[in-house]
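A.B. asks: Let the sequences and hints guide you as you build the complete structure.
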Amino acid sequence: MAETIEDGISLEGRISYPVRESRLRRFFRLGHAAPYILVLPSLFIVTFVVAIPLVISLWSSFTPYNLVRPWTLYHYIGFRNYLRLFNSSDFWWAFGRTVVFLTVALNLEMLLGLGLALLVNKITAGKRAVRTIMMFPMMFSPILVGFQFKYIFNDNVGLINNALTSLGFMHYPIAWLVNAILAPLTILIAETWMSTSVFAILLLAGLLALPSEPLEAAKVDGCNAWQAFRHITLPFLMPFIYIAMTIRSLDVARAYDMVKIMTDGGPAQRTELLWTLIARTGYEDARMGMANAMGYVSILLSIAVTVYFYRKLMAARSYMGGAE
Amino acid sequence: MSAAVLSNHPIKARSVRRQVWAVRIGLFCAMAALCVPGLWVMLTAFRPNIEVMAKPPVWIPHVLTLANFLGIFGLLPDHAPGIPVTAYFINSVVISVTSTVVAVAVGMMGGYAFARYRFRGKAGLFLGLMLSRTVPGISLSLPLFMLWSRIGLLDTRLGLIIVYLAMNIPFTVWLTDGFFRQIPADLTEAAMIDGSTRWQAFWRIEFPLARSGLASAGIFAFLTSWNEYALAAQLTRTTASKTMPVGLMDFTAQFTVDWTGMCAMAVLIIIPALILTFIVQKHLIAGLTFGGVKG
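In the order they appear, the protein sequences are chains B and G.
Quick note: the first sequence uses the numbering used here, first residue 1, plus one each step.
Quick note: the second sequence uses the numbering used here, first residue 1001, plus one each step.
Read the hints as simulated data drawn from the structure, not as lab findings.
Mixed in with the good hints there might be a few duds.
[Claimed, not checked] DMTMM-like mimics (lysine to aspartate or glutamate), calculated; alpha carbons at most 20 angstroms apart, straight line:
| hint | chain 1 | residue 1 | chain 2 | residue 2 |
| --- | --- | --- | --- | --- |
| 1 | G | Lys1012 | B | Glu216 |
| 2 | B | Lys122 | B | Asp251 |
| 3 | G | Lys1055 | B | Asp251 |
| 4 | B | Lys312 | B | Asp251 |
| 5 | G | Lys1122 | G | Asp1177 |
| 6 | G | Lys1055 | G | Asp1258 |
[Said to hold, decoys possible] Covered, in the sense of this in silico footprint (three residues per stretch, anywhere, with C-beta under 8 angstroms from a C-beta of chain B), are these stretches of chain G:
| hint | region |
| --- | --- |
| 7 | 1039-1049 |
| 8 | 1256-1263 |
All of these numbers come straight from a predicted model, not from anything done at the bench.
Virtual Cβ for every residue (Gly too), placed ideally from N, Cα, C.
C.D. replies: Right, dumping it as C-alpha cells:
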C-alpha cells in the first residue's frame, strides 16, 4: 500500500489522490499468483481427463444411454439404472465377489509379504541381492501377469500340468481356468504373485529401520521371540503395513486386466468381478448408462478402500509421533 | 553376533545352525516362486513352437531360436505375421515417451508449487489430484470413450497420450513434491540473497539436486503408460494407436493360440520395464517408504 501512496505524489508537489491498485494486479505483483500458475497445467489436464468425464459419467448414469441409440443420452430417467442395478443378482454377485477377492488377496499378500520380509531380515549376507530378485514381479504389467499364469495353468501346454504329468501325479489334464473352483483360485494366485513383493519390500524397509535397542532390552527381560515380535516389531511395522496397503489400494482395479486375459469372467461368471461386468455391460451390450451407474459404484468402492487405509496410516503415523 | 554368543553351547549351536538352514530353504522356495513363472515365459519365447507343444513335455530345451521374435515382426520369409506388432511397438514407444516427458515437466511445476509455496486450497488440491488416481481405469474409460468419440480423439495416439498424462501427473506431483522438500529452502534463499531470481535459483540449485528424483519419476510415468491396458483397450481400435498390451490380447482372438509368439511379445513388453526398474530400484524403495512415513 505504501508504494501506491508514494507513487501518488507527483513531482510538482501536488498531492494527487492515491489510485487504489486493483486486487488482481497486486496479487500478481506480490508473486501470490506463482503457485497457482505452476499448478494450473496439472489441474487443467486432470480436470479435462478425469473430472469432466466423471460429470458426463454421472449424467449418463441417469439416462438409458445406449451406444447404438445415441439420442438416449438426453433422456433423463432418474435413479432407474441404480434401482435396477440394486435389484440385479448378477451385480450383487460381482460386487460381493470383488469385495471378497480384495479382502482375501490383500490380507494374503500382506501376510506372505510380512513372512518374506522377516525371512529376508534373518539372513546376514545378500540382502540386497534378494531384494533385487523380489522386485521381479513388480516389473510385470497386470496384463503380462495374467498372460503368464494363463500360460502356466494352461491345460495343454502349461508348466503346472506338464510338471504334474511328468511327476506321475496326474493322468488326465486339469482344466484350471475352466473349472468353477480352480479358476478363481488361479486368479488369486496371479494377484498374490504380483503384489506380495510390494508388501515384502516395504515391510523389509521397515524392519531395517527398526531400532535394535528395544529388541535387545526385551531379550534381556526374558521375552521370547513371539512376544518380541508381537509387542515390539509389529507395532513398529504397522505404519509400513498401512503405507503398503494404501499404495496397493490405489490400483486394486488392475485385477481387471488379469481377469480379462485369463478367464474374461468365465467359467459361467465365476470370476466375474465388478470391473469385468462394467466392461461387458458398457462395450459388449452397449448399455452405457447402466455401465456408468456400475462405474460409479466401483469408483466409490475404490475411494472407500483407499480412504480407509489412508486414515489408518494417518492414525498410525500420529501414534508413532516423534519416534523417528 | 547372537549365533557366535550362543555357539558356546553345543546343543544351542546345532539348533541355531538348523534354523539358519530353514531360513535359507524357505527363502530359496520363495525366490523360486517369484522368479520361475516369469523366467518360464521368457524361456518359451526362445523355444520353437513344436517343442513347447510336445507331448510328453520336453523339459530341457534342445534348441534356442530367435525365430519367434522375427516371426512376430514379420521378418520370416514363409510366415506372414497375424498381428502387426511393429506398428504396436512404435505406438507404445511414441505414446509412452511423449506422455512421460510432458508429465514430468508439468508434474515438476506442480510438485514445486506444493513443496515451496503456501497457498489457499493447497491441501484440497493435493487431495483432489491424488484421489483422481483411485478412479478405476475401466470406469473412467466409459465417459472417456463417449467424450473422445465426440471430439475425434478416439483411436488416436494423441487421445491416449492425454489420458496417460492425467494418470501420470498426480504421481509425478507427489514424488517431486517429496524430492523438493528434501532440498533445504536455505540454499535457494541464499542464492536469492546473492542476487539471482527465483527462476535462476531453481535451475542452478534445486533442479540439479532433484534431477535423479525427477529421472525416477519419469521412469515410473513411462512404466505406467507402457503397461496400461484397461483404458488403451477401449480407446484404441486400429494400428493407428493400439499399444503392445492391447496387441497381446489380439493373440487370444485367433483360432490357434500362438504361445511362443505371445511369449516373444511378452518379452518385448517386459525388457524395457526390466531395465528401467533396475535403474530406479533404490529410489523406488526410498521414495515409497519415507515419503509415506515422514510425509
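A.B. asks: If a hint holds in the structure, say so; if it doesn't, say that too.
C.D. replies: Checked hints:
With a CA separation close to 19 angstroms, the supplied pair G/Lys1012 and B/Glu216 stays within the 20 angstroms bound. With a CA separation close to 31 angstroms, the supplied pair B/Lys122 and B/Asp251 exceeds the 20 angstroms bound. Of the supplied pair hints, the one linking G/Lys1055 and B/Asp251 is violated, its CA atoms being roughly 40 angstroms apart against a limit of 20 angstroms. Proposed proximity of B/Lys312 and B/Asp251 is supported: the alpha carbons are some 18 angstroms apart, at most 20 angstroms.
Note on G/Lys1122 and G/Asp1177: the hinted pairing holds, with a Cα-Cα distance of about 12 angstroms set against a maximum of 20 angstroms. For the proposed pair G/Lys1055 and G/Asp1258, the alpha carbon gap of about 17 angstroms is at most 20 angstroms, so the pair holds. Under a criterion of three residues with beta carbons nearer than 8 angstroms to beta carbons of chain B, the stated coverage of the region 1039-1049 of chain G is upheld, 3 such residues being counted. Residues of the region 1256-1263 of chain G with a Cβ under 8 angstroms from some Cβ of chain B number 3, which satisfies the need for three, so the listed coverage holds.
Violated hints, listed in ascending order, are 2, 3; each of the other numbered hints is respected by the structure.
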